[in-house]
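Residue numbers (numbering that gives the first Met the number 0), protein chains in the order written: chain A, 0 to 350; chain B, 0 to 398.
The set of hints was computed from the structure by calculation and includes no laboratory data.
Just to be clear, a hint being listed does not mean it is correct.
Unchecked claim - For lysine-lysine, the following BS3-like pairs were computed, each having C-alpha atoms within a straight-line distance of at most 25 Å:
hint	chain 1	residue 1	chain 2	residue 2
1	A	K228	B	K233
2	B	K124	A	K175
3	B	K273	A	K340
4	A	K175	B	K126
5	A	K127	B	K273
6	A	K228	B	K174
7	A	K184	B	K126
8	A	K127	B	K278
9	B	K3	B	K308
10	B	K174	A	K1
11	B	K308	A	K127
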Amino acid sequence: MKVYIRSAASISAQKSFKQAGFLEEVIEYTGTRLPVIEPDFKQYIDPKLIRRMSHVIKRGVAAASECLKEAGVDMPGAIITGTAFGCMEDTITFLTRIVEGNEEMLPPTAFIQSTHNTVAAQIALMLKCHAYNNTFVHKGVSFEHALLDAIMLLNEQEADNILVGGTEEMVDTSFKVLTRLGLYKRWPLSNLNLLQTVSAGTIGGEGAAFFLLSDKSDPNNLAELRALKVLFNPPNIVHSISTLLQENDLTAADIDLVVTGKNGDTRNDAVYKKVTTAIFPKQPIANYKHLCGEYPVANSFGLWLAANILKKGEVPEVVLERAASNLRPKRILLYNHYQNKYHSLMLLDAV
Amino acid sequence: MSSKVYIVGLGVISSIGNNVAEHLAAFEREEAGMAEISKLNTIHQGELPVAEVKLSNEELIAITGLPVNSSRTSLLSSVAAKQALDDAAIPNLNTFRVGFVSANTVGGMDQSEDFFVDFLADNSKGKLRYVHDHECGSITEIVASQLGIHDIVTTISTACSSSANAIFYAARLIKNDIADVVIAGGADSLTKFTLNGFNTLMILDKEFCKPFDENRAGLNLGEGAGYLVLVSDKVMSALNKVPYCILSGYNNSNDAFHQTASSPEGTGSYLAMKGALAKAGLQPADINYINLHGTGTPNNDSAEGTAIKRVFDPFYPPMSSTKSYTGHTLGASGGIEAVFSVLAIKHLIIYPNLRFSTPISELPFAPVTSFLKDRPVKHVLSNSFGFGGNCTSLIFSVA
Numbered sequence: 000m001k002v003y004i005r006s007a008a009s010i011s012a013q014k015s016f017k018q019a020g021f022l023e024e025v026i027e028y029t030g031t032r033l034p035v036i037e038p039d040f041k042q043y044i045d046p047k048l049i050r051r052m053s054h055v056i057k058r059g060v061a062a063a064s065e066c067l068k069e070a071g072v073d074m075p076g077a078i079i080t081g082t083a084f085g086c087m088e089d090t091i092t093f094l095t096r097i098v099e100g101n102e103e104m105l106p107p108t109a110f111i112q113s114t115h116n117t118v119a120a121q122i123a124l125m126l127k128c129h130a131y132n133n134t135f136v137h138k139g140v141s142f143e144h145a146l147l148d149a150i151m152l153l154n155e156q157e158a159d160n161i162l163v164g165g166t167e168e169m170v171d172t173s174f175k176v177l178t179r180l181g182l183y184k185r186w187p188l189s190n191l192n193l194l195q196t197v198s199a200g201t202i203g204g205e206g207a208a209f210f211l212l213s214d215k216s217d218p219n220n221l222a223e224l225r226a227l228k229v230l231f232n233p234p235n236i237v238h239s240i241s242t243l244l245q246e247n248d249l250t251a252a253d254i255d256l257v258v259t260g261k262n263g264d265t266r267n268d269a270v271y272k273k274v275t276t277a278i279f280p281k282q283p284i285a286n287y288k289h290l291c292g293e294y295p296v297a298n299s300f301g302l303w304l305a306a307n308i309l310k311k312g313e314v315p316e317v318v319l320e321r322a323a324s325n326l327r328p329k330r331i332l333l334y335n336h337y338q339n340k341y342h343s344l345m346l347l348d349a350v
Numbered sequence: 000m001s002s003k004v005y006i007v008g009l010g011v012i013s014s015i016g017n018n019v020a021e022h023l024a025a026f027e028r029e030e031a032g033m034a035e036i037s038k039l040n041t042i043h044q045g046e047l048p049v050a051e052v053k054l055s056n057e058e059l060i061a062i063t064g065l066p067v068n069s070s071r072t073s074l075l076s077s078v079a080a081k082q083a084l085d086d087a088a089i090p091n092l093n094t095f096r097v098g099f100v101s102a103n104t105v106g107g108m109d110q111s112e113d114f115f116v117d118f119l120a121d122n123s124k125g126k127l128r129y130v131h132d133h134e135c136g137s138i139t140e141i142v143a144s145q146l147g148i149h150d151i152v153t154t155i156s157t158a159c160s161s162s163a164n165a166i167f168y169a170a171r172l173i174k175n176d177i178a179d180v181v182i183a184g185g186a187d188s189l190t191k192f193t194l195n196g197f198n199t200l201m202i203l204d205k206e207f208c209k210p211f212d213e214n215r216a217g218l219n220l221g222e223g224a225g226y227l228v229l230v231s232d233k234v235m236s237a238l239n240k241v242p243y244c245i246l247s248g249y250n251n252s253n254d255a256f257h258q259t260a261s262s263p264e265g266t267g268s269y270l271a272m273k274g275a276l277a278k279a280g281l282q283p284a285d286i287n288y289i290n291l292h293g294t295g296t297p298n299n300d301s302a303e304g305t306a307i308k309r310v311f312d313p314f315y316p317p318m319s320s321t322k323s324y325t326g327h328t329l330g331a332s333g334g335i336e337a338v339f340s341v342l343a344i345k346h347l348i349i350y351p352n353l354r355f356s357t358p359i360s361e362l363p364f365a366p367v368t369s370f371l372k373d374r375p376v377k378h379v380l381s382n383s384f385g386f387g388g389n390c391t392s393l394i395f396s397v398a
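Bound-form chain B, shown alone:
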């Protein structure tokens, strides 16, 4: 099996920027992406803040060249995946076995929910083009076709850990000698379905979210897409460039506690972090930064914090939840935060956890509150946990 998997390309779009450079600038300015709902047609406008990508569907269609009436999920996926592939700039790409492993949770739901209004009134009504790409797999297929990828194309959906699992899976495709190059990550767009779903669970903060704060009151939903380009040793040696880093560790464990709630002791997250450290051959003290799952819900942050305490006590690395900037982008979050983790290593930076004021009483640590430069960032742990107890941790390390 190939010993190392290198990261050579990045692409990202979220409420704080349409590309990598805009994200870095927003982080340094400490500028969050949340605002009143302006694009999603919902009764919750003005009541629940969300982190919308600033571009309209029309603008995204113009950028991507995808057909009019495309699902916003495929538009966001296309933008970020294309950026990642361009950034990797792999010559003679078609001489390699190329994969596209993409995750999402909503598929083309943004269109399906419009179809459904007409369909419910009369089952013979509703424009079929709005349900044609309902399936999660359709989003992946559209973008793979646009990128000209056909060797290995698949979609993963494990709720909020989806795109971390996509990156994990991509690395294994390379190590098992099934692929040489894989673009992996995920996308999700805001929909009424998810906004109302999370609202019924009463875990949406009516203010901007405060991850890992004692007085946190829930999450803000966001949207976006984030992708990495992963390559094998063989491809790396053929490239005339320095990789960003390697994916050194990964683990997927299940909390097996409840369909939506995390166990109080954070069993799944504990096992995921421990497993990823073991895979990377690292000790907890080797980790220089943790990109937290940190949704801002009382339950997640308490369980994740407890698990971190079990793994890291008494030496806590700097940590923060970048969801304080982007909101919770669900199936895209693992991919977007993987991009941030890689950028932390590349630029030796640590992102602040915005709006933090009071540490959680039962936890002996607190997140970073200002943008830090010139830090020795060699190993970054990124957590992604989801409904169904699906917990995944990734570790990125200097090459």
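Just chain A, same shape as in the assembly:
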């Protein structure tokens, strides 16, 4: 069985959503937190509902709708999402009211929308989709586990046109707490200098990206997702990557471009350095987290980038760390890790 990405839609800190160009105009931010460029939600959601929805719900529903539209599919065969923190805005709102109101006179809306499956549920509700619906909430590989579920459904011949997405929202409270936990840099910087400013911490981000997966070959498909590996505390990541290549009858020379999750944090980036030095000493390398920031499902932006590189046959200058002449990648390894604990590997082929 083969797995294809039919369409992809990404809402991010860049002009990634419904754009004719491909990262032609790069948006620069200064700080340690990248916001999201909000689309015109009215095109996707009933205005009466927009007011009640938190950012993560609106973005998830809009990205899912656009993804379906681009594939020309009205009804997906399943809806699967990944998010580590879920609906933070509503969670914080309800928690704040509990504390401030001493558990009295609480309105229910924030609680109702605070469950982690709200985005997948709201997409199902909007589409009246009764099909399989699941939500994975496993830290930095939440999105990858959603993808794995979709691949299994295709393999089981249980469904086709599976909508898979990663969503995460950053609210002021979570940004403050995560800053105190030491995730981010202690001084403001330009996101475009992030990968050259290797020191402790990175910059925070948020976003929503959806993909439509099918096992049917089609010239309009963006890319083939040839392999996915999700690893927890692998003893030797270099060995794991070599094994993945062997399992797919490939050598390092067959990989045209390695896309990594470098984020400007010293310890984080050292892992990628080790891998590229050991296995891919000469291959072209691209990175993306200076464009979208770091968040648990940031790799969904990475997959959007990789799939578009393969479809368009071009690599935007802003993502390239090590270039090559006439670079038109036919095969990409997308490698991301989360705090060197969870690692994800995706092999993508042009169609």
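Position chain B relative to chain A; hints supplied.
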């Protein structure tokens, strides 16, 4: 794909017991776990009954060996998952691809809400160790690490159907030849967040809940954890033991009606039950017992009952809601009730639906009201439905 998925280990902790044996005894004594709130620090003490696990955090820490200040969710998860793995007693476990698929809805919220009081007063305050394990995934990671599992580790959160989906997913990991052995289920602890959340929805009964009764007035919240150990054909043949049963059917469908309310015709639950029966290759008449979702809210029981009528009419198997014992344990309920479903097959028993007196007027059936032994229990259907329209049904069958 591997044809069968066997259940070879069980672990459970809830308000009616700290292990399988204590649960069986409580069922037979018809002893519910609800009481006045004694552990959760809330203004609703004395006003809303809940079904708390009887052990304190300190006692759970002593049992599990987890660090002081661990989230109660990870403590409950650790107790039940360890029991399940010990019960399975799989020799040379590390020669197999082992997975841990765990569900929860609150993560470390029990600690986060304490942090938040200090944090709200001053954003530079609040002990960070109390938010370190806020994420749902942290709970799974802590227990997986303790059990030494690293091949496939993931967390599912689909509200009250979470751990039924975890068990479902575990079976598929085995059938897709990604894992050989998977410990699957879920855990949730009581928190102010969920207690107040359900209270704002006005679906908490101030008395002990009465699932599937005409005069039901809502649910009682509970806490706990329940896990199964699922294994492939290959592992089963290497084990020198008889399995409890197989997981023969499963389905996940969405009601797509409302974020929290169930559709009047029970579309999602109907599709989940029909789909699970089709997957198992069974007819409705083959089912010997239904472990109902049966929360005790007017809306759930009416929708679930209507869906059961659509699937089973005119032959209704014995059915009951064990939430009349354990309360609604949210993300843990699918796992806990899967353990009860498996035990029903193993011991040929059917649990009573406590405090039932008046059948729902629009439904032509009523739940079982006494503890039944020596029943021909070959196929059990277990329902778990949640916010967001997430409906999942599992079917367990004799091996």
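Evaluated hints:
For a cut-off of 25 Å, the pair hint linking A:K228 to B:K233 stands: about 23 Å separates their Cα positions. The straight-line distance between the Cα atoms of B:K124 and A:K175 is roughly 11 Å, inside the 25 Å bound, and the hint therefore holds. Proposed proximity of B:K273 and A:K340 is contradicted: the alpha carbons are some 40 Å apart, above 25 Å. As the CA atoms of A:K175 and B:K126 are separated by approximately 13 Å, the hinted pair is consistent with the 25 Å bound.
This hinted pair checks out: A:K127 and B:K273 have alpha carbons roughly 19 Å apart, not beyond 25 Å. With a CA separation close to 17 Å, the supplied pair A:K228 and B:K174 stays within the 25 Å bound. With a CA separation close to 21 Å, the supplied pair A:K184 and B:K126 stays within the 25 Å bound. Using a Cα cut-off of 25 Å, the hinted pair A:K127 and B:K278 holds, with the two alpha carbons roughly 23 Å apart.
Under the criterion of a C-alpha separation no larger than 25 Å, the hint pairing B:K3 with B:K308 is inconsistent with the structure, at around 30 Å. Annotation: proposed proximity of B:K174 to A:K1 holds, straight-line Cα distance about 18 Å (limit 25 Å). For the given pair, B:K308 sits about 23 Å from A:K127 by alpha-carbon distance, which is consistent with the 25 Å threshold.
When held up to the earlier numbered hints, the structure conflicts with 3 and 9 and fits the remainder.
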